[in-house]
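Participant: Assemble the whole structure, with the sequences as input and the hints as a guide.
Protein chains in written order, with this note's numbering: chain V, 11 to 426; chain L, 11 to 426.
Don't read these hints as lab results, they were simulated from the structure. Hints may be right or wrong, so weigh each one.
Copies of the same chain are indistinguishable here, so a pair counts whether it falls within one copy or spans any two.
For lysine-lysine, the following DSSO-like pairs were computed, each having C-alpha atoms within a straight-line distance of at most 30 Å [to be verified]:
#1 LYS341 - LYS352
#2 LYS375 - LYS330
#3 LYS352 - LYS330
#4 LYS255 - LYS210
#5 LYS210 - LYS113
#6 LYS426 - LYS355
#7 LYS136 - LYS60
#8 LYS375 - LYS113
#9 LYS355 - LYS330
#10 LYS113 - LYS395
#11 LYS375 - LYS355
#12 LYS341 - LYS355
#13 LYS395 - LYS341
2 protein chains.
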Amino acid sequence: MSAEIICVGTELLLGEILNSNAQFLAQELANLGIPHYYQTVVGDNPDRIKGVIATAQYRGSRILIFTGGLGPTPDDLTTETIADFFQTPLLEDPETIANITQKFAQNNRVMAANNRKQALIPQGAKILPNPTGTAPGIIWQVADLTILTFPGVPSEMIRMWQETAVPFLKSQGWGKEIIYSRTLRFWGIGESNLAEKVSKYFDLTQPTVAPYAGNGEVRLRVSARSDSPAKALEIITPVAIELQKIAGLDYFGADEATLASTVGEILLSRGETLAVAESCTGGTLGQMLTAVAGSSSYFMGGVISYDNTVKINLLGVNPKTLDRLGAVSDKVAKQMARGVRKQLKTTWGLSITGIAGPGGGSADKPVGLVYIGLSGTDGTKLVWKYTFGEHRSREGIRHLSACNALDQLRRYLLSK
Amino acid sequence: MSAEIICVGTELLLGEILNSNAQFLAQELANLGIPHYYQTVVGDNPDRIKGVIATAQYRGSRILIFTGGLGPTPDDLTTETIADFFQTPLLEDPETIANITQKFAQNNRVMAANNRKQALIPQGAKILPNPTGTAPGIIWQVADLTILTFPGVPSEMIRMWQETAVPFLKSQGWGKEIIYSRTLRFWGIGESNLAEKVSKYFDLTQPTVAPYAGNGEVRLRVSARSDSPAKALEIITPVAIELQKIAGLDYFGADEATLASTVGEILLSRGETLAVAESCTGGTLGQMLTAVAGSSSYFMGGVISYDNTVKINLLGVNPKTLDRLGAVSDKVAKQMARGVRKQLKTTWGLSITGIAGPGGGSADKPVGLVYIGLSGTDGTKLVWKYTFGEHRSREGIRHLSACNALDQLRRYLLSK
Numbered sequence: 011m012s013a014e015i016i017c018v019g020t021e022l023l024l025g026e027i028l029n030s031n032a033q034f035l036a037q038e039l040a041n042l043g044i045p046h047y048y049q050t051v052v053g054d055n056p057d058r059i060k061g062v063i064a065t066a067q068y069r070g071s072r073i074l075i076f077t078g079g080l081g082p083t084p085d086d087l088t089t090e091t092i093a094d095f096f097q098t099p100l101l102e103d104p105e106t107i108a109n110i111t112q113k114f115a116q117n118n119r120v121m122a123a124n125n126r127k128q129a130l131i132p133q134g135a136k137i138l139p140n141p142t143g144t145a146p147g148i149i150w151q152v153a154d155l156t157i158l159t160f161p162g163v164p165s166e167m168i169r170m171w172q173e174t175a176v177p178f179l180k181s182q183g184w185g186k187e188i189i190y191s192r193t194l195r196f197w198g199i200g201e202s203n204l205a206e207k208v209s210k211y212f213d214l215t216q217p218t219v220a221p222y223a224g225n226g227e228v229r230l231r232v233s234a235r236s237d238s239p240a241k242a243l244e245i246i247t248p249v250a251i252e253l254q255k256i257a258g259l260d261y262f263g264a265d266e267a268t269l270a271s272t273v274g275e276i277l278l279s280r281g282e283t284l285a286v287a288e289s290c291t292g293g294t295l296g297q298m299l300t301a302v303a304g305s306s307s308y309f310m311g312g313v314i315s316y317d318n319t320v321k322i323n324l325l326g327v328n329p330k331t332l333d334r335l336g337a338v339s340d341k342v343a344k345q346m347a348r349g350v351r352k353q354l355k356t357t358w359g360l361s362i363t364g365i366a367g368p369g370g371g372s373a374d375k376p377v378g379l380v381y382i383g384l385s386g387t388d389g390t391k392l393v394w395k396y397t398f399g400e401h402r403s404r405e406g407i408r409h410l411s412a413c414n415a416l417d418q419l420r421r422y423l424l425s426k
Numbered sequence: 011m012s013a014e015i016i017c018v019g020t021e022l023l024l025g026e027i028l029n030s031n032a033q034f035l036a037q038e039l040a041n042l043g044i045p046h047y048y049q050t051v052v053g054d055n056p057d058r059i060k061g062v063i064a065t066a067q068y069r070g071s072r073i074l075i076f077t078g079g080l081g082p083t084p085d086d087l088t089t090e091t092i093a094d095f096f097q098t099p100l101l102e103d104p105e106t107i108a109n110i111t112q113k114f115a116q117n118n119r120v121m122a123a124n125n126r127k128q129a130l131i132p133q134g135a136k137i138l139p140n141p142t143g144t145a146p147g148i149i150w151q152v153a154d155l156t157i158l159t160f161p162g163v164p165s166e167m168i169r170m171w172q173e174t175a176v177p178f179l180k181s182q183g184w185g186k187e188i189i190y191s192r193t194l195r196f197w198g199i200g201e202s203n204l205a206e207k208v209s210k211y212f213d214l215t216q217p218t219v220a221p222y223a224g225n226g227e228v229r230l231r232v233s234a235r236s237d238s239p240a241k242a243l244e245i246i247t248p249v250a251i252e253l254q255k256i257a258g259l260d261y262f263g264a265d266e267a268t269l270a271s272t273v274g275e276i277l278l279s280r281g282e283t284l285a286v287a288e289s290c291t292g293g294t295l296g297q298m299l300t301a302v303a304g305s306s307s308y309f310m311g312g313v314i315s316y317d318n319t320v321k322i323n324l325l326g327v328n329p330k331t332l333d334r335l336g337a338v339s340d341k342v343a344k345q346m347a348r349g350v351r352k353q354l355k356t357t358w359g360l361s362i363t364g365i366a367g368p369g370g371g372s373a374d375k376p377v378g379l380v381y382i383g384l385s386g387t388d389g390t391k392l393v394w395k396y397t398f399g400e401h402r403s404r405e406g407i408r409h410l411s412a413c414n415a416l417d418q419l420r421r422y423l424l425s426k
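Facilitator: This is how it looks when you write it as structure tokens:
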């Protein structure tokens, strides 16, 4: 017995709104342990909506969850189309009429005639109350299906789901088994390389292991079915530990961890502090570090040395080095890192200088060339060179530059 | 002849990601005038994917646009499942193998064996090149269908769509009547207030005007149908000008404009320069300014003065002021703006100091209290106080702070 999410609305087909309802409902179904194999979006068209119901029934979906099309306007057709599909008459629900009238009175508005339409429900269906809006949904067990309908407005839908649909589904026996997941996060290894190293885990069924990638980060999701988060964790944890061991330093954290929060924890545990000097990233690295609440314990600040005069005046970069090698060079990266560390009196100084594009590249120094510098009070002087490739966007190069700077600092601190 | 969007990925069924690909593609189909009645989401399961293809074909969809499932791992099954549905063998594309090998070499990484899988395409299909990632898609005209596949990573998909899929679809006769839109952008006015001011425009049919809002920005999309962008613009422009006039200074730019690019244009036209001093935003303002290519002409850099010692040592903030009033105060905002302007020798210094939360708030200075300072060589000394409210997230407060700093500078420069 599986569920299908059916979102009705021409505005979705025109791309005018993002289908956040489908994501919310998908998460909720996973939490309740209700299998869910399909989502469908269809316009406000009776024939097509009926076709979608027939398809869902044919492919074995037994719980149909509709969003959208419950409003008062003529193009809101969901309820009447569902009733028509099952050749069932619509009846006016007196309590709903009373509720709608009262809501209009509360807002000192007059109820429009077409609002009466919202009180029509198929004979045999129950009202799914909408505490915040005028359009209620229905819960209808008809043929071999259970049908639940919600308005398209996310805030109304979410409250109706939580207050009525979840208790109803639990009363039907769902939610005894939940799916609980942890996300392991990796940097500095490609999705395919990581997948090869841990390929045997993809065959597991309890927990399952699945890879994802995006913006340079690779993730493994480890999920278990159980009747409680604690028991699921008991199933997940040994596998998560094995995966971390296999990945070594490429693993940086789990769940809500970021490269910045991981670096922060390491610095905190060592009682050390950090300052940053940013050229092409223009503040991205500082923004990532300060996105972590409590980062003021180890992050002192930095200098955005976008112009060369700032590199010279605030960071003490040698004008001759700038003349001879240019701002995008290993020597300047080193001097920036040292300069910001000294100026801000921190343990570590981390710097980025590069060419984010789209202009400014040359044969020698193409777009995507980035130097990352690290300077430490212990005498550490390091530079890493990256060539991210001219095919990448300005924002992509800036993002990768800042993440790799954090990653290099992380690896260096962990290996010391 | 209509299109269907088919998004493949168990992560969508688990609600782990929002289906932004479907929204993008839906908008693009509308722009090209390609009818589109259904969207389907299905997991990484060959039988179910085949069922979805059969359903799409049955209900008359003739252009099937797939996203997801093109990666190198065993659960990436889209290409082979499509080939299998049409009982067509997979062939290795030599050019794709060469491309993938080169991309790995550029990043100094070794190609994993399972990356070869990404070069397999159905016999008779053409490669849909992926300039930014390793997984190419296909364009395949098979039976009575046209099949296009894209990876699930939005940035890769969007570029492939724009560079190859759109020209291909146009070559097939689509896009002769297009929907062309301009987006007008507003800051400092709420969606409902703007909607009230321009409500009569919502009844227009050529062009149409529709409001959107998010992250503090309000947008009006003005769209016209025509057979050329130039003719559409003739329909759009007079209405766009009227809307701008009604909104006055709340309008800041159109289409790709950002508050940062708008401020940049004003500074450039005046031959003036800017430096920033950031406390709670930690680099966000600098990042926004430097996201604009060419910003080095007017943006010199800044100081991330997260710690008070940095405010004192690099910006010359008076330690007594910090002691007496605290870092989050109008005086400190003024001193930061003045300090960074003097240090970086710019026309303008713009500063932000505030409490981004979630901790650190008090009855006097709640989370969400933010001061923005502006200092000019002409003697300008201004501070704006914002109370964004404790209900907002840390990132929300930081984003609003940086945007409002840019907006205040914009309004001030335009009113001088």
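Participant: Tell me the hint numbers this structure goes against, listed in increasing order.
Facilitator: Of the numbered hints given earlier, the structure breaks none, since each of them holds.
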